[in-house]
Amino acid sequence: MSDALATGNLPFPPRPDYLRNGRTVTSWLTTTDHKRIAILFALAITFFFFLAGAAITAVRIELLSPQGHFMTSDTYNKLFSFHGIVMVWFFLVPSIPNTFGNFLIPMMIGAPDVAFPRLNLLSWYLFMIAGLVTVYMLVAGGVDTGWTFYTPYSTMFSNTHVLAAAAGVFIAGFSSIASGVNFITTIHMLRAPGMTWFRLPLFVWAIYATSIIVVLATPVLAISLMLVIAERWLGLPIFDPAHGGDPILFQHLFWFYSHPAVYIMILPAMGVVSEIIPCFARRRIFGYDFMVYAMLAIAGIGFFVWGHHMFVSGMSPYAGLVFSFLSFIIAVPSAIKVFNWTASLYRGQISFDAPMLYALGFVGLFTTGGLSGLFLASIPVDVHVTDTYFVVAHFHYIMVGGSVSAFFAALHFWWPKITGRMYPESWGRFGAILMYFGFNLTFFPQFLAGYLGMPRRYHTYPPEFQIYNIMSSSGAAILAAAYLLPLGYLTWSLFYGKRAGSNPWRATGLEWTTTSPPPPENFDSQPRVDRAPYDYHPEGYSAGLGEPEVQNAREVE
Amino acid sequence: MSDAALLKKPWQSMARQRDAGTFGIWVFLASEMLFFGALILTYTVYRVSDPAAFTAAARETDIWYGTINTAILLTSSLTMAVAVQASTAALGFRRLIVACLSLTVALGVAFLVVKGFEYKEDIEHHLVPGLHFALAQPAAQIFFALYWVLTGVHAIHLTIGLGLVSRLALLIWRRKLVFDDNPEIEVTGLYWHLVDIIWIFLYPLIYLPGRAS
Amino acid sequence: MSSLFMPPEASTHAVHVDAIFIGILILSALITIAVFALIIVFAVRYRRGSQAKRGKLPELVSREFEIGWTTATLFLFVFLFWWAAAADLTGLTAPANAIEIHVVAKQWMWKTQHASGAREINALHVPIGKPVRLIMTSQDVIHSFFVPAFRIKQDVLPDRQTETWFQATKTGVFPLLCAEFCGTDHSMMRGRIVVMRPEDYAKWLTVQPQGDDLAHQGAQLFVSRGCSGCHAEASKVHAPKLEGLYGRSVQLADGRHVTADEAYIRDSMLQPKKDVTAGYEPIMPSYAGLLDDGEIDSLTAYIRSLATSTGDAR
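Chains as they are written, first to last, in this note's numbering: chain G, 1 to 557; chain F, 558 to 770; chain L, 771 to 1084.
Isolated chain G (complex conformation):
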């Protein structure tokens, strides 16, 4: 009994785990268990991911030819707009925080649930309502403004369903804010005895920093979309240039949210990778406190760099200089993180399971994407490449190469904890490698096309860019396969996968000291914490292969 407790291998539980605690549909739809709500979110965002993926598949097929053969320009414009809107607000923003964050935050800090369980469920329902409105928008005919809703096109010129699209995103914003408030309060108020701030796993820090951005930036998005709705629907001329309204003001409001939103998408990914790399290198994370400060710095400075989206908008050039400076500065904490992940491999005992492959892929792609951001921070170069495929490539390196890679890393890493089953390892590794190469083939050529001057959102394009588009589209085919593959083998593993123990990766977090899948209240006895995370080896030594010290110091009888 005592040995089993110490290693986290609890005896067969006398109570059902959270998955079997009520099997009816109602028990799921009325649940306040953060783990079940995480699953509900996961199902929803998976649906939206493949929906938006289908839209971009059609776009990539169309772009094989410079003239386009299969669709009208209007259809093309609606497809890329739908792709952007759904991927940003219905996949990327909620992806890691609302699934893994929801599932793991209470477990990592040793709590039975989030601070406001009913608010958590409300957040999911709001998200579903927002999703329904968005699906209605698609069925009704779509929207063609791009995900940026720039006025006056969105308010006065577009003949598509701008209202429904903006309303969908508006409601999704409330879902985000509800989750953000919940996570911040949870992390402040529900940490287990001994879980001090600087003993928090970096994933918790990442979700904390993300939630602060969500809470402070999302309301500004809500306002800018509400004003677009008011102008379009009620005819209130707020951004109408004919009445002295200022379309650039809309851009300021929009990017005040949408630039920090990039950090909403990438910080949780950084958190995931900071969990996985130490575990598979059997090393303490290099520079834990610098990692924390770097994340907080990114969250803070991230609020003051939005203007770098607007260097050519007609904004004052001197404001542009300030934004340019801060955009260079925010690259520093990102660089710190990359260096620290790399340094964490030094003298490790590295194994290359699927989560680690995804995480290393993340570091590579994030480095490439982040450095391409330097070009966009320097005004003269940005003037040339903004609104071209260079920018498209840049943000896909961060969001797809970064966030989505980390999402899949997290999915494989915590799959045994969530489902109680192991995924098939060789398929997992194959999928990770496939995704890495598919991704680079898709997006690297876009840097070249962009510098050569191919503007984004072009249905037809000058023929000299065809070669790059063919490369992109063939890469996208590989990428699509790499995304569908896990859908298959992970589903398979639900039924036929090997049963997972409590701690299959021998990791140190509290979530590994309870059963897989966990009981409804997460822990059978209240965890107590007496050490920092990532205690894979004694201080001052290199990695060893011995048992790590888990954070949970429950008294052993």
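Treat the hints as calculated values from the structure; they're not laboratory data. Quick caveat, the model's predicted, so the values are computed rather than measured. Any given hint could turn out to be false.
[Unchecked claim] Far from chain G, by Cβ distances over 12 angstroms, these chain F residues were calculated:
hint: 1; residue: 566
hint: 2; residue: 576
hint: 3; residue: 586
hint: 4; residue: 621
[What the hints assert, rightly or not] Computed, partial: chain L to chain F, Cβ under 10 angstroms:
hint: 5; residue: 910
hint: 6; residue: 1019
hint: 7; residue: 1023
hint: 8; residue: 1040
hint: 9; residue: 1041
hint: 10; residue: 1043
hint: 11; residue: 1044
hint: 12; residue: 1046
hint: 13; residue: 1048
hint: 14; residue: 1052
hint: 15; residue: 1058
Note that beta-carbon positions come from the ideal geometry of N, C-alpha and C, so glycine has one too.
Use these hints to put chains F and L onto chain G, whose structure you have.
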């Protein structure tokens, strides 16, 4: 005994649960500040770019309705604060709490009624942006666009507040809810005060420009 | 070969942009290679079960490492900022002797007009080696004037003027693209910039259909649209005189000072009550909707011509 009735999942102590409730609502209020902050920023940008049109437009608003509403809302915050204090005192002031909460609801409804009369008058005076708008300056339409958005969004917030306060009043009146030291009352109170404070910013921005002399 | 990775370098500005681009490219390539090399070396050397030395860590103090590379990247990035910002500032304003071209964007075409009055659609002919200043506005949504070969891009906004400039260094035909999404045929909103030798340009100008130049068109409009009723020398209405106005600082009724540039003159026609000149009643009606963008450009050109001609006379 009342503690056991109030304690909810996932909390183990009432004090912690109360702290979390208050903390959570403050985080939410920070979010609300940015929400209205963005609107007020929009207002400021346009006012700086065309101050003359904004003062001319502001003179068209009805300062009487605005001032009466300010008084009503400030008073409602007082009754709300008394209700919260009576609850935290935990001395069994059930009737006082119910009375104060009901008064708060009544004042909130009065605010909306006055607002309704004001809206009616605005519509009659062609102060809705569009074809038959009363003023010539283009930017005056922006002022009134923001007037409708700001007061409208504020009214929606107030209506939500009314729902929350009426619920508390009703439940406590029918003895369905613990009223002594119930954190829900304090949390609702904080929200109500936010709605009030927002109005304190809106009042000078909407009604006072151009009326100094 | 280089055309596979870089568009033609056909303006003075393009050289600066490419220099910075290549600088950052080399730098980021070095960082990328360093990071990838370290990851690969560590991954191979410290793979699980390898014989590489582990044991007690050497006395490398991690904090000093952290501070070291944080400071290094900070200095590096501040240097990059300084370099790029300096290049940006020097290229901010067009030289005074620049040729002026008015550009009007609309869904989905570019209309350009030369100072001589010659008009083009989806095309612009310019001489090599002379700075060209573009004064742009849009009739509907936001567009963006993008010439990859010149490395310039500038959003074009409705009811407002934006500017950019370039000096071509190569003759030839270069694509002009719209870079800001503007609706259905956004991707068809393309044109061409034809850079000619000066003598060819002069010849080209002379064979264009004889349009009056902008200032002359403006002078006619000034009378036909009734501006002269108030603003002419002989008028009885108390209205600001426009001779010598352009480029001067104007005191407004509310005490502010503004410079009478294109944007101010445009605003004064469309929103006369916004910036009222000190000492005058706000009696001018708005011409919004009565003048199109081309006419506004013509009137502005006329008012500018008043500034110089009277200046010479006195």
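Results for each hint:
no., hint, in the structure
1, 566, "6 angstroms, violated"
2, 576, "6 angstroms, violated"
3, 586, "10 angstroms, violated"
4, 621, "25 angstroms, holds"
5, 910, "18 angstroms, violated"
6, 1019, "19 angstroms, violated"
7, 1023, "8 angstroms, holds"
8, 1040, "9 angstroms, holds"
9, 1041, "6 angstroms, holds"
10, 1043, "5 angstroms, holds"
11, 1044, "5 angstroms, holds"
12, 1046, "8 angstroms, holds"
13, 1048, "13 angstroms, violated"
14, 1052, "8 angstroms, holds"
15, 1058, "7 angstroms, holds"
Comparing the model with each earlier hint shows violations of hints 1, 2, 3, 5, 6 and 13; every other hint is respected.
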